[in-house]
Each structure stands twice: as structure tokens, then as C-alpha cells.
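Peer 1: Spelled out from the first residue to the last, the chains are:
Protein chains: 2
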Amino acid sequence: MGARQNLTIQLAERPRGDIIPGQTFRQVRLTAPTVNSLSEGQVLVEVLYLSLDPAMRSWINDVRSYLPPVAIGETMRGTVIARVLESRSHSAVAGDLITSFNAGWTELAVLSDGQFDVVSSSSMPANGKLTDLMGVLGITGLTAWIGLKHIGQPKPGETVVVSGAAGATGSVVGQLAKIRGARVVGIAGSDEKVRWLTEELKFDVGLNYKSSDFREKFENATPDYINVFWDNVGGEQLDVALGRAAKNSRFVMCGGISQYNAALHEGPRNITNVVYQRVRMQGFVVFDHIEDYPAARAELAHWLGEGKIKRKETIIKGGLRVAEQTLVGLFRGTNTGKLLLEQKSPSDPGTT
Amino acid sequence: MGARQNLTIQLAERPRGDIIPGQTFRQVRLTAPTVNSLSEGQVLVEVLYLSLDPAMRSWINDVRSYLPPVAIGETMRGTVIARVLESRSHSAVAGDLITSFNAGWTELAVLSDGQFDVVSSSSMPANGKLTDLMGVLGITGLTAWIGLKHIGQPKPGETVVVSGAAGATGSVVGQLAKIRGARVVGIAGSDEKVRWLTEELKFDVGLNYKSSDFREKFENATPDYINVFWDNVGGEQLDVALGRAAKNSRFVMCGGISQYNAALHEGPRNITNVVYQRVRMQGFVVFDHIEDYPAARAELAHWLGEGKIKRKETIIKGGLRVAEQTLVGLFRGTNTGKLLLEQKSPSDPGTT
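In order, the protein sequence lines correspond to chains A and B. Letter 208 of the first sequence, counting from 1, is numbered 208 in the working numbering, and no numbers are missing. Letter 50 of the second sequence, counting from 1, is numbered 50 in the working numbering, and no numbers are missing.
A few of these clues could be false.
Claimed, not checked - Straight-line C-alpha distance at most 25 Å; calculated DMTMM-like pairs for lysine to aspartate or glutamate:
(1) A:Lys210 / B:Glu266
(2) A:Lys247 / B:Asp239
(3) B:Lys247 / A:Glu306
(4) B:Lys247 / A:Asp292
(5) A:Lys178 / A:Glu266
(6) A:Lys247 / B:Glu266
(7) B:Lys312 / B:Glu200
(8) A:Lys155 / B:Asp288
(9) B:Lys210 / B:Asp191
(10) A:Lys247 / B:Asp288
(11) A:Lys247 / B:Asp62
(12) B:Lys308 / B:Asp191
(13) B:Lys149 / A:Asp62
(14) B:Lys247 / A:Glu299
(15) B:Lys247 / A:Asp62
(16) A:Lys247 / B:Glu200
(17) B:Lys210 / A:Asp348
(18) A:Lys155 / A:Glu306
(19) B:Lys344 / B:Asp117
(20) B:Lys155 / A:Asp288
None of these hints come from the bench; they were simulated from the model. Predicted model only: the values in this text are computed from it and were never measured.
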């Protein structure tokens, strides 16, 4: 009987447009690491969940960005929740659950101290779930909190418009803005998502950008113009929003999911409104604000526990084999709320 | 013999693209105001100089902006230097020189207290000229100072790139940035302007955006990318600059002369770099910062007096009759430095 294999997904080529399953990535079976692979200060983990995020599309482009691009032949990057199988670290024992940005798309990984955080149940609200660590209490929730704190700064009564509002970050942005007393307009890509925004999350208005009268409805929904625009999408929605910018408005530039796959980007024609309306349009990257994480996590856990922040997850089963198709689905809007891939259920016993 | 006439230029129609002399504006001869027209607190003035500015093109568009559009049939708006002919105000006496934003394109005007500022020679450096009140010491100089203070904030050693660098605002921006220790790259539209920037104003690099290898030269001139970009132009230059944005760079959005005349605007395709490089892209309007004027004027007068700020003027003679053609010329890049129209020489005697 041969050594155990470790299914790993590597970047095979850089897509020019859409990710093509079976071509952009390749599935390789490497010899699995074992307890003998560990040095002092390391743990062997098995991945339970992969976080799937729009930013992943940008990580595989060879452009100057906030992280170096994933190299051809490198394991695809991403946040995971994993279980410790073996430990030579003082930070964790076998059986611990951890989150990590250093394992990536693989079944088994060796991580060193500093590359993982042990999950502490004390920081979770009573109604918290393990997977919230990749959603409301993870990078996507932190992104919402930090972008609103540093750039958006919504005041009571202001109009906040969120694009990608039914996604993991956008849904938290809108709810935080409601908590801060703002009037919130959410934009999403289906009537079902829009219903979730208005009926469950209590957004004041929900707009389906695919409807034929989207621009007209957008204008009607912003009679006093936009004080804060949260951009997850770019492209046409950003352009329309610039056309409706209020004086001294803040445009929180978080992402541009409509543009990541586009070979030829389209710029916002209403950019001149940045001058006329004195818009502050500012990009940010959550990783620059690690000092804010504790305060942000504490507040997000509080509102989650109070039921003031609701969340939805779209959890895809099938493990790493379907990771590529699942990521493609993200760009087609298949998910509401946080999109996760379950590689292995936490209730399955650990494998050694 | 009939009453004296007052040549006035009114907006006749809103241009869709370029201003068309003889069509966009109309020249009307109204009955001239006289001393009998004055109420208590008013002055009768004759215009000596008109300031011609890129923003004028935007003032005649019917769009939501920082000022209401000039109405059809209204006197064209603009800053003037004028001489008081008659006064029923305690603020001025006949013979005083004043600046005003409320007279517009007309030979004679009645202004009320609060609508004009009397020129005080004590606030001018020894080498100052009357027309500096529309240039380095006027709105264009104030614009440079205020945009750098609130948004650009150049630090010693940083790379500052200025578009429209040979214009009235851009030339002051670059020189202030040099005074603050930055490395300055100026973009202009002719080799002659570029020579003025590098030889007279001591910019580190000058680039002619009309040269065929502009993009390559731009890259070579910004090996450490751009920390501050001052945008007077928009369009392609803004797009190229976004492609070269440094991490945490500031884009001072002052104007978009390349776009004012365009019926169809083009947006910057590199807008996604706002996220990747955490760019702060912020528009401003000088009139929002009146509280800064005294400090800004004092510093600008100081550097002008020291010879650390140099300026050039392009003064067109011919009076109001050629105002339209002169404004059209501004968009074709005919001027270096501040563009002025001389309606009447200050050395000519006052007319009553």
C-alpha cells in the first residue's frame, strides 16, 4: 500500500477572462505530509472549509497589487478552517480547530507558528457557528467594519448604497450602516437576493441591477443623492453611483467583481463628478488594518449575538474537486451571503 | 446722442461639445449703468481684466455642480479686475481697483458690498503685479495651495505628477511641491511648455503628452510610482497615472479639461488600482475653503516675493469682443501660465 495522497489545487495558467475549470487550475496528488514532516513549532492540519472570495480572481492576475500574484504551479491561496491532526507547536494540540491564510487549496498542510490562529470559543457569541469565522467574524466582516470606520463613516440619516449587497461583505456593510442610523439601499443580482435584503436584513430599498429599469429605480431610491457608496462591483454600477454622488460623499472602494474577469476594463464616465461633488473615493485593503481587528471582531460578535447582524451562508459540498466550479459560480452570483466550500465535515473524525 | 452702451456677453445656448464663437455666446449692448443706478452700498465699476479658466466650460453645462449653471441669457460668469468709477459704498472710493466674481463678462457693472474686494497694495510683494490677483495670488494659486494642503500632502522625496502643469494652477502646484521637497514631474502639451517647466520652474521632469512615446516616458519618469497626482486634465492622462499609482497615493481631483468639451466622457480603465494601491482620490472646490485664503495668500505672496514661485501670463488684448475666441483657445492650449483678457488697460483713464 502506497503513501497517503494529498489532493492539492495549483494554478496552471493565468486566465485572460473567465476562469475555465480544468484549465486555469490543475488538481495534483502529492505525497501527504505526516507527523514526521513536522519541525518544532509546526502543526499538521486537515482542511475542513475553504473560503471563496471575489478577490481570488485578482490574486491570479500578474499585476501589481496588495499581494504578489499566485505563481504558476503554486497552491491556490485562500483562507481555510482546519483541524490540527498532529502538533509540535506550543500554540495548538491535536483536535484544535484553526483558521489560516497559509494553507490554501489542499487537503493536508503543514503550518508554522504565526501562520494559524487557534479558534477560541470564548470569542464567539452563543449563536455563533464555526463558519462565522470566515464570514461575519472573519475577513469579510472585518472588511465591512474597517472600510466603514476609515472611509465610509456613515452618519444618522445619510443614504448609504451598497453594491454586491447580498454578498458576504456587502450584507454586513448594509447592516452596520443601519445600526449606525443610515438609510440603506442595497444592489444585488436577483429578485430573491433583493427580497432577502429588504425582508430579512431590513434594508430600506433593494435594487436588482439586472432589471431593465435599474437606472431609473436607482435615481428614485436616492432622491437626496448618495452620501456613502460601498463599491464591491465596479463597472456600470460605480458609474451610475458617481452620477448620484452627494456633495462631500465617500466612495469606499473595496472591490470590483464585475471587472476582475474582464479582459478590457471600462472606466466610470461620471468621474468628473468627483470634482463637482468633492467626492472622496478611497481604496483600502483589510490586511493594512490588523490593529483594528480586535475591536472590530468584538463589535461584530456583539451584534451577531444580539441578532442585529444576520447572515446567510452558501456551503458547497463535494470538497476540493469542485473548488474551481464553485469559484466560477461566485462570479455568476450563485451565492447569497458567504460562499464556502466544505472539504470535510467537522463532525467526521480526524484522519491520521 | 443716445445713452452710453454697455457691451455684455451672454450665454446664448449650451454647447454639446466645443464652444462655437458667435453661437454659444451673444454680444449684446445694454444701456450702461450710471451713478444714478446706484443704491446705498453699491459701486459702479469698469472691467479691466477678465480671468479665463478651464472651469468656465463646466459652468455652462446644465449639470449638478458646485455652482448653478450660467442660465441662457445670463451674463457669462468669471472673475474680473475692475476700477471703481462711482461709489455709494463705504468700502471703496472712485479710482480704487477691485476684484470680483460677480461682474462677469461686461464692460460696466454695478456691485454691492460683499460682491467685491478692494485691492490692497500692502498684501502684494514688491515684485507683484495687479494681474497676480487672478494668478498666483488669485483663485488659481489658492486652488494649488488648498488642494496640496488638504489632499496632496506631498512629503520630501515623494514623486508628485502634475497634469496641465504649464497652466495657471498646475505651474503653482509643481513649484509648491518643489518647495516642500518633492520630486516633480510636469505634463504639458508642447515642447516649449515642457522647456519652461524644466528650465524656468526647475521641475525634475517635463513630459509632452502629445509625443508618440508619452506612455513609455511616463513610466520611465516614475520608477518609484506616483505618490501625488494632481489632475487638471482627466481622460487618458488620469488613466495612465492610475496605472502608476503608488501604495497610499493621493490623487487630487481638481479638474478635467480634456473632458469638459467631450460629449461622451471616457472613464479611467485603471480605476481598479484605487483598491489595489489604496489610492485616495478626492475632489475639491476652492470656494469650500475660504477660511484658508488668508494663510494661503500670505504664503504665496512670500514665495512670489522670494522668487521661489515664478509665473507667466498670457494676456490677450482686444477686449470683450474676443472673449469667446480666447476661451476657445484655452482648450486648445494656446496659453502658458495664466490666461487673461485685457478689456481695458489700467493706465487708460477711467470713463464716466
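Peer 1: Each hint needs a verdict: does it hold in this structure or not?
Peer 2: Right, here's what the structure says about each hint:
1. A:Lys210 / B:Glu266: Measuring from Cα to Cα gives roughly 23 Å; hence the hint holds.
2. A:Lys247 / B:Asp239: It holds: about 24 Å lies between the C-alpha atoms, which stays within 25 Å.
3. B:Lys247 / A:Glu306: Since the Cα atoms of Lys247 of chain B and Glu306 of chain A sit roughly 38 Å apart, the hinted pair is violated (cutoff 25 Å).
4. B:Lys247 / A:Asp292: 20 Å, holds
5. A:Lys178 / A:Glu266: 31 Å, violated
6. A:Lys247 / B:Glu266: 22 Å, holds
7. B:Lys312 / B:Glu200: Holds, because 10 Å separates the two Cα atoms, which is no more than 25 Å.
8. A:Lys155 / B:Asp288: Holds. Lys155 of chain A to Asp288 of chain B sits at ~21 Å (cutoff 25 Å).
9. B:Lys210 / B:Asp191: 9 Å, holds
10. A:Lys247 / B:Asp288: 11 Å, holds
11. A:Lys247 / B:Asp62: 17 Å, holds
12. B:Lys308 / B:Asp191: Distance of about 23 Å is within 25 Å: holds.
13. B:Lys149 / A:Asp62: With a Cα-Cα distance of about 35 Å, the restraint between Lys149 of chain B and Asp62 of chain A is violated, given a limit of 25 Å.
14. B:Lys247 / A:Glu299: Violated, because 29 Å separates the two Cα atoms, which is more than 25 Å.
15. B:Lys247 / A:Asp62: 17 Å, holds
16. A:Lys247 / B:Glu200: Violated, at about 38 Å.
17. B:Lys210 / A:Asp348: 66 Å, violated
18. A:Lys155 / A:Glu306: Given pair Lys155 of chain A, Glu306 of chain A holds - Cα atoms ~22 Å apart, limit 25 Å.
19. B:Lys344 / B:Asp117: 19 Å, holds
20. B:Lys155 / A:Asp288: The hint holds at about 21 Å.
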